Structures are given as C-alpha cells and as structure tokens.
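One-letter residues, chain by chain:
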Amino acid sequence: MKRRTLVSRLARLAPALAAALVTGGCVTATVDEMVFNEPAEGVGDASVVILGRRHASDYETEPDFIQCVGKHIQRGDPSINVIGELEFLNSLYPWFEPRTAPLRPADLDRLIAQPPVAQKLASLQTEYLIWVDGSTVQTNSAGSMTCGVGPGGAGCFGFGTWGNDSTYEATIWDFTDRAEVGRVNTSASGQSYMPAVIVPIPIIAPVQGTACDGLGDQLLKFLSSEL
Amino acid sequence: MSGSMTSAPDRRPWTGALLLAALLALAGCGAKEVVVQGQFPQPLMSKLPLTLGVWYEPAFREHEFFDEAKGRAESDWLVRTGEAQVELWDTLLNGMFERVVPMDARPAPEQMNPAVDAVLIPRVDELQYAIPAQTNIKVYEIWMRYAFELVTTQGETIADWTMTAYGKTPTAFLQSDEAAVNLAAVVALRDAGAHFATSFTRVPEVAAWMESLEAPAAVAAAPEEGQEEGP
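Here the protein sequences come in this chain order: A and B. Taking our numbering, I'd label the letters of the first sequence as residues 2 to 228. Taking our numbering, I'd label the letters of the second sequence as residues 205 to 435.
The following block holds chain A by itself, in its conformation from the complex:
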C-alpha cells in the first residue's frame, strides 16, 4: 500500500520534475545604463568605493551583493582599486552611516569642509563613489516537502519551487567635481526548484549573481580604460 502511494506520488510529480530539469535555474536579466560623463582614460591610480544604500525601512542592500560587484570589477580590471565597503565606512565613521550618509553629491561639500574627512578622502585617493540601492526578494513559492527520521534513516519527499527578483540601481558620483556622472539599473528574475526523493536536489536560479554580473559589467565599462 505504501509502495503504491509512493509510485503514484512520483508519477504525479514527474511532469513538474521534468519541467524543473529543463527550465531549472533560468534567469532573465535586463540592464539599463545612463552615463553623463565617462572618464576618458579610466580611473588610473585613483580608487573607487562601492557602498550600499540602507535608508529604506523594509529592505537593505545586501553587503554581500556590494562585495560581489566590487570583486567583479577587480576581476575584470585588476588595475582598478576598489576599497572595501566596511573598510571605507570604518575609516570615515560616522559620516557614511545610514543616518548621516550624503544623499546628494552637493552634500559632499559639507563633509569635505571638515579637515579630518578631507585628509582621509585624499589619502584614500577616492575618485568615484558608487551607491548601490536595491535588494533581492522572493516573489512566490509553491509546493510542499515532508522530511522524516526513522530507524532506517532519514529522507524527504516532495517538490518546492520559488521565484526571486533582483532590482538594483547604481549611482556614480565624481568626488572631484562633486557631481553625479552616471546611473546603471539592473533587474533579474528567476525560478528555483527543489525536487526531493529521499535527498532534496536544489536547482537554484542564480538571480542575485546575474544581477551582480550585469551591474558589474556596466560599471567596469565605465571605470576601465581597457574595455
């Protein structure tokens, strides 16, 4: 009786499993770029800092996404010095915390008017400040999974699926001119699946990773002289 139930359940799940394996982990992404004043010869010896915006009450720009974009840029052009987000925030504490961070390029004047801040920025040779605002959210989920532990072992049975949406916008500020020089938007969405017959097999759509690559590529084009 038990075996029959299992077989009939598997038969019911088969089309969904097949669909998951065929279309599993697919991600669609779009990137929009708007550049006002691209550097003619890249950033040279100057540094770039990428910071996440964390003003909104219902979401946070993930620190690991900021790290991912920074690594993507450095992998693409090792000559670009990307200052780590936490290193920059700690060096300039408390001026770039969510409460105190400048919201407009003109606000940088207020910061640079303070000698210790101006000295620190000069020592870091920061040419561009890139603000990234956005997040990755789960849009839908369906299916069910049951897991159990028995004398003979443990296992799961079922099928789960969920969607993820990533939307990020990068705003590029020029420290020297204290002006916004570019804006890049990226959005990505994908469906992940998790069939489980004793062992769950996750087929994860790399939604955030795709958004990171899309944003990183556009920023690399802006900053690098080699591309």
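Rather than coming from a laboratory, the hints here were simulated on the basis of the structure. These numbers were taken from a predicted model, which means no experiment stands behind them. A few of these clues could be false.
[Claimed, not checked] To give a feel for the contact side, a few chain B residues facing chain A, derived at Cβ under 7 Å:
{"hint": "1", "residue": "PRO245"}
{"hint": "2", "residue": "PRO247"}
{"hint": "3", "residue": "LEU248"}
{"hint": "4", "residue": "MET249"}
{"hint": "5", "residue": "PRO374"}
{"hint": "6", "residue": "ASP395"}
{"hint": "7", "residue": "GLY397"}
{"hint": "8", "residue": "ALA398"}
{"hint": "9", "residue": "HIS399"}
{"hint": "10", "residue": "ALA401"}
{"hint": "11", "residue": "THR402"}
[As the list claims (entries may be wrong)] Estimated spans, in silico, between C-beta atoms of each pair:
{"hint": "12", "chain 1": "B", "residue 1": "SER380", "chain 2": "A", "residue 2": "SER58", "range": "18 to 26 Å"}
{"hint": "13", "chain 1": "A", "residue 1": "ASP108", "chain 2": "B", "residue 2": "SER380", "range": "33 to 41 Å"}
{"hint": "14", "chain 1": "B", "residue 1": "ASP294", "chain 2": "A", "residue 2": "GLY153", "range": "53 to 61 Å"}
[Unchecked claim] Chain A regions said to be covered by chain B (calculated; three or more residues, Cβ under 8 Å):
{"hint": "15", "segment": "60-68"}
{"hint": "16", "segment": "94-100"}
{"hint": "17", "segment": "117-127"}
For each residue, glycine too, the CB sits at the ideal point set by N, CA and C.
We have chain A; now place chain B onto it with these hints.
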C-alpha cells in the same frame, strides 16, 4: 565505564533516534541568548577641546534585555548589550573629546572625582527588537532609546536629553537568529554613535554650556592681545 560499554549493544536501535528527535524538539523551546559583540571605529572628526568625565551606571555596564516567549512557537530572548555599550561609548568619546576620564563614582557634592569640565552619564531607557518570525518584513531590527545626562563634578545638571538609535540587517542564508540579532544590535550601536557624534554640540543646553566655557577664555585672551599692541 566497562559496564556501560558492554550494555550499549543491548539498547534498541531507535533509542538514539528518539533521543535526537527529543533534543531537536526541546531545542526549539530554549531561550535564545545573544551577547552582543562587535568592533566600533573611532570617529573621524576634530576633537572638542574638553576634558569629559564619563560614568557608566552598573545598569548600563550590564545592560540586558529579556523578552519572554508569548507562545509555544516562540522562544525567550535575552540580549546582553552592556559590554558592547561600554566598548562603543569608550571608543566614541575618546575620538570626540580632547581627554576622556572615567569617573570613580556618580558625581555628587561630597564625591571625590577627577577634575573634568563635565561628566556624561548615558543610560539605555528602552530596547525593542523584531525578527522575521514576528513581522512580515524580512529584516532583523533593534531599536534603542538612550537618555543622557551631562552634569558638573558636583552632580548639577547641565543638560539632559534623549536620543534614539536603530539597526537592521537582512535575513541571510545559513545565518542564525542570534547572529542576525547581534548584527542588528551592532548596526544600532554604530547608529547611536553616529547620532551622538553629529548631534552633541547641537543640543541647546550643551551648546549654551560650551559657549559659556568659551566666553571666559575669550575675555582672558583679549587683554593679552591689547598688551602686546601697547607701547
């Protein structure tokens, strides 16, 4: 010892599994405890030319927040912030003021304390937290309300004011509730430091007191300049 070894094979095979299941079930009922730990940077600012005394009340040094579970599905929460509070405020104040002196006791008329311009006494009035299990928002949050007293070495009030601080962190894969609450608390403490550092001189009573300190210094400096100009 040997007795226990020989008796082991006699146990039924599912005893271990049952024990494990019971432990897993009980783990959900235990209190969750977070001792907030983090590193706090020195503020990057011109130091105020003041010698500030600081007195942390025992309740502040050992500050903790306990929240009893409201249902079976929830856990008790104990968030200890005292150590992290002292670490933050020591680092912050040392970066903000020319000299910071820890007081031996709360300033009072008969109390012998080191000579300072004023003494700051911080206090945590309220702490609230929220985890995704309680809200529909997928962030962990910590909110705190501080009360500050700036007093003379004799214990007379110069200024008292309140200030809020807020920290949140997103849900992360493989991150425990405790780790996320700790991170949210660290963000809230950083926010408290940022708020204090950027607003201290704007508190009206503090601004007036600082002006009163500067005025005698300016008066004292004026005759000297006049003497130099004379014959």
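> Do three or more residues from the segment 94-100 of chain A put their C-beta atoms closer than 8 Å to C-beta atoms of chain B?
Replying inline: holds (count 6)
> Once the shortest beta carbon distance from GLY397/B to chain A is found, is it less than 7 Å?
Replying inline: At 6 Å from the nearest chain A Cβ, GLY397/B passes the 7 Å test, so the hint holds.
> Would the hint on ALA401/B stand, with a C-beta cut-off of 7 Å toward chain A?
Replying inline: Given a least distance of 5 Å, the restraint on ALA401/B holds.
> How about ALA398/B: closest beta carbon in chain A under 7 Å, or not?
Replying inline: At 3 Å from the nearest chain A Cβ, ALA398/B passes the 7 Å test, so the hint holds.
> Should the interface hint for PRO247/B be scored as holding, given a Cβ-Cβ cut-off of 7 Å against chain A?
Replying inline: OK, holds: PRO247/B within 7 Å of chain A, min 5 Å.
> For the segment 60-68 of chain A, does the count of residues with a C-beta closer than 8 Å to a C-beta of chain B reach 3?
Replying inline: Result for this restraint: holds, n = 4.
>> Given a cut of 7 Å on the nearest C-beta pair, is the interface hint for MET249/B held or broken against chain A?
In response: OK, holds: MET249/B within 7 Å of chain A, min 6 Å.
>> Restraint: PRO245/B near chain A, CB-CB cut 7 Å. Satisfied or not?
In response: At about 4 Å, which falls below the 7 Å cut-off, the nearest Cβ of chain A leaves the hint on PRO245/B intact, so it holds.
> Taking 33 to 41 Å as the hint, is the beta-carbon distance of ASP108/A and SER380/B inside that range?
Replying inline: holds, 37 Å
> Is it true that ASP294/B and GLY153/A lie within 53 to 61 Å of each other by Cβ?
Replying inline: holds, 58 Å
> Given THR402/B was flagged as interface, is its beta-carbon under 7 Å from a beta-carbon of chain A?
Replying inline: holds, 6 Å
>> Does HIS399/B hold up as a contact with chain A if the rule is Cβ-Cβ below 7 Å?
In response: Holds, about 6 Å.
When each numbered hint is compared with the structure, no violation occurs for any of them.
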